[in-house]
Amino acid sequence: MILVYAGPVSVLASLPSPGDLVELPFMRTALIELVLLGIAGGLLGAWIVLRRLAFFAHAVGTATFPGLVVADGIGFSATIAALAVALGYAGGVERAGRAGRDPGDVATALALVVALALGVVLASDVFESGAAVDRLLFGTALGLDDGDLWIAAGAAALALAATVLLGRAWTAAGFDASGASALGLPVRTGDRLLLGLIAVAAVAALPAVGALLVASLFVVPAATARLLTNGVATLLAAATAIAVAQGTVGLYVSLWLDVPPGPAVAVVGSSAYAVAALATATLRRPASVVAEAT
Amino acid sequence: MTDDAGIAVSVEGLAVTYGGPTAALEGADFSLPAGSSLCVLGPNGGGKTTLFRALTGELTRLHGAVHVDGRPAYLAQTERTRLDFPVSALDVALMGSLANGRWWLPARRSDRAAARDALARVGLADRAAVRFGELSGGQRQRVLLARALVQDAHVLLLDEPLAGVDPASGERIEALFRELRDEGRTLLVSTHDVDSARAFDRVLCLNHTQVAFGSPSVALTRAALERTYGDEIVVLDDDGSDGPVRAVTVQHHHH
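Here the protein sequences line up with chains A and B, keeping their order.
Residue numbers for the first sequence follow numbering that gives the first Met the number 0, so the first one is 0 and each next one is one higher.
Residue numbers for the second sequence follow numbering that gives the first Met the number 0, so the first one is 0 and each next one is one higher.
Any given hint could be a false lead.
Claimed, not checked - Interface residues of chain A toward chain B, partial, derived using beta-carbon atoms under 7 Å:
id, residue
1, ARG50
2, ALA53
3, ALA130
4, PHE174
5, SER177
6, SER180
7, ALA181
8, LEU182
9, GLY183
10, LEU192
11, GLY195
As the list claims (entries may be wrong) - Chain B stretches covered by chain A per the calculated footprint, using a threshold of three residues with CB under 8 Å from any CB of chain A:
id, stretch
12, 33-39
13, 64-72
14, 92-100
Quick caveat, the hints were computed from the structure, so don't treat them as lab data.
As the structure is a prediction and not an experimental result, all values here were calculated from the model.
All residues carry an ideal CB built from backbone N, CA and C; glycine is no exception.
Work out the full structure: start from the sequences and follow the hints.
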């Protein structure tokens, strides 16, 4: 990372004890936060990857940025402001989808650009947010409190309950929406709940990983798990395990290199994805060559 | 609505929309006795899938009435399902048990047994663990049939079930269709294969509106087919009478 030119030896020498994660009180809080978010992110991430909602999950996090800047500037609750923006965005996407007009990649990309630009303009010229911008975009391990933990626990509980109760219906609808409708499943309500739940969980993840890196928890672990599994139940289990592990290792890296947890978790998660992608590509290639030859 | 207990599907003055005020399909008006088969003909975008999605209740009715005996099973063209989805043949067959209305509960042992029986019946007992997307087109169609069997649907809506299916699989699927009809189930099958329509009890021709409905000898006339397909129809033999003709459709590609 950026700090490498302090000299590899000094970076290695500053390697913290893994025990610090549980012994330092603020690190313990951050660890619990990331484990809870890992449960929410792994479970919902599996549905996000299965339903091809990765770009939506990224966008719903980023869309909250201007809301966070305003809330920070006027001293309003960041959670409520972010929740309003995220649910508003999810509602807009759902309405567009219901009218048969897929909002599409272009509209999502535009929403991302507008949200980031608006947030930066508000932060630099209106509220002069200064150092807060870093925290809002990339998260913090230092400023987490019990309220953040409760919100993360709520998101994890909601993700688990929804997966248990709606998993079969979500699977059937994702596989074949018209067939699922014919089976009498509440396809539209299920879709609405999924979008809303992703919005709520993204807001829960903001304090730890920030508006820009929500996808590091909600997309990357499940995408890695998708490479390694071949069923919905195994995908859910693997995505959750990877998300929790990646959050723990990422937090350790963030303590070591003194960077916010968001980027550290993102780098650890993306590296795991790269390794899994390379490994599966290498393992599968000989098999397909054999299949073509026969 | 109908008074006749032997009617499996009745459609009266149906107009359907995908959301806007204009109808994607209108003027549909027909009924089918239980255990009969209907061939639905029409050009791409002519309303075949729209009709099926109206019968399942997925699409909004602008006006008209629809009555179906029980909850129909809908078998989409298999390339419209998600072939990359990590579900096995058994998983898909098991989805049929969700029609019991208690979709929030885990699958029961009896549901799993029913799914295995259904796969055995369509000749895929040994493929239960194979991923749906890795099966051949004909095998996928049979897995969707197994899902309909688990659902125990009285009415089956099949969207181009033989498209992209090799002849051997096609014969096997058609044999299954005959078995299902012998059990009193009603089959609605959409197809581009005009010639195959002669084997059905009834034929329905759609081109945004209902062009013709009746037995093959009534519905497969040159006039009806030309109104259904426009210049996409090529009539092969025609003795000059008003009776049924042999014909094929050709796809015109507009660039």
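Results for each hint:
| no. | hint | verdict |
| --- | --- | --- |
| 1 | ARG50 | violated (9 Å) |
| 2 | ALA53 | violated (14 Å) |
| 3 | ALA130 | violated (44 Å) |
| 4 | PHE174 | holds (5 Å) |
| 5 | SER177 | holds (5 Å) |
| 6 | SER180 | holds (4 Å) |
| 7 | ALA181 | holds (4 Å) |
| 8 | LEU182 | holds (5 Å) |
| 9 | GLY183 | holds (6 Å) |
| 10 | LEU192 | violated (12 Å) |
| 11 | GLY195 | violated (17 Å) |
| 12 | 33-39 | violated (count 0) |
| 13 | 64-72 | holds (count 3) |
| 14 | 92-100 | holds (count 5) |
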